[in-house]
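J.: Using the sequences provided together with the hints, build the complete structure.
If you count by this note's numbering, then the sequence shown holds residues 3 to 70, one letter each, in order.
Treat the hints with care, since some could be wrong.
Unchecked claim - Cβ-Cβ distance ranges computed for the label pairs, FRET-style: (1) Val36 / Thr13: 16 to 22 Å; (2) Arg33 / Leu6: 15 to 21 Å; (3) Val17 / Asp37: 23 to 29 Å; (4) Gly35 / His15: 25 to 31 Å; (5) Ala26 / Leu6: 25 to 31 Å; (6) Gly18 / Leu41: 17 to 23 Å.
Calculated from the structure, these hints are not laboratory results. By construction, the Cβ of each residue, glycine as well, lies at the ideal position given by its N, Cα and C atoms.
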Amino acid sequence: MRILMLSWEYTPHVVGGLGAHVNALVPALARAGVDVTLLTPRLQGGKARELLSEISQKRKKRSRKNNG
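T.: Here it is as structure tokens:
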């Protein structure tokens with residue numbers, strides 16, 4: 003099974019409950035044999051792609067659109 007997960011928080015940038023949940027869920031899924039890819043925002047100076055132990059993490063630059 004393959005899962006693509008989207009989150010604005012993941013190690014090392016955890017600030018709240020979502021980050022804590024994703025930090026626990028993603029490794030648990032990987033240990034269960036699930037192929038997990040996590041899509042997160044890419045902070046200035048950050049890498050576009052990382053392999054963090056059990057998962058592949060892709061960081062994308064956020065686009066800012068004017069909704070006005």
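J.: Now, for every hint given, state plainly whether the structure supports it.
T.: Here's how the hints hold up against the structure:
no. : hint                      : verdict
1   : Val36 / Thr13: 16 to 22 Å : holds (18 Å)
2   : Arg33 / Leu6: 15 to 21 Å  : holds (18 Å)
3   : Val17 / Asp37: 23 to 29 Å : holds (27 Å)
4   : Gly35 / His15: 25 to 31 Å : holds (27 Å)
5   : Ala26 / Leu6: 25 to 31 Å  : violated (18 Å)
6   : Gly18 / Leu41: 17 to 23 Å : holds (18 Å)
Taken one by one, the earlier hints fail for this structure only at number 5.
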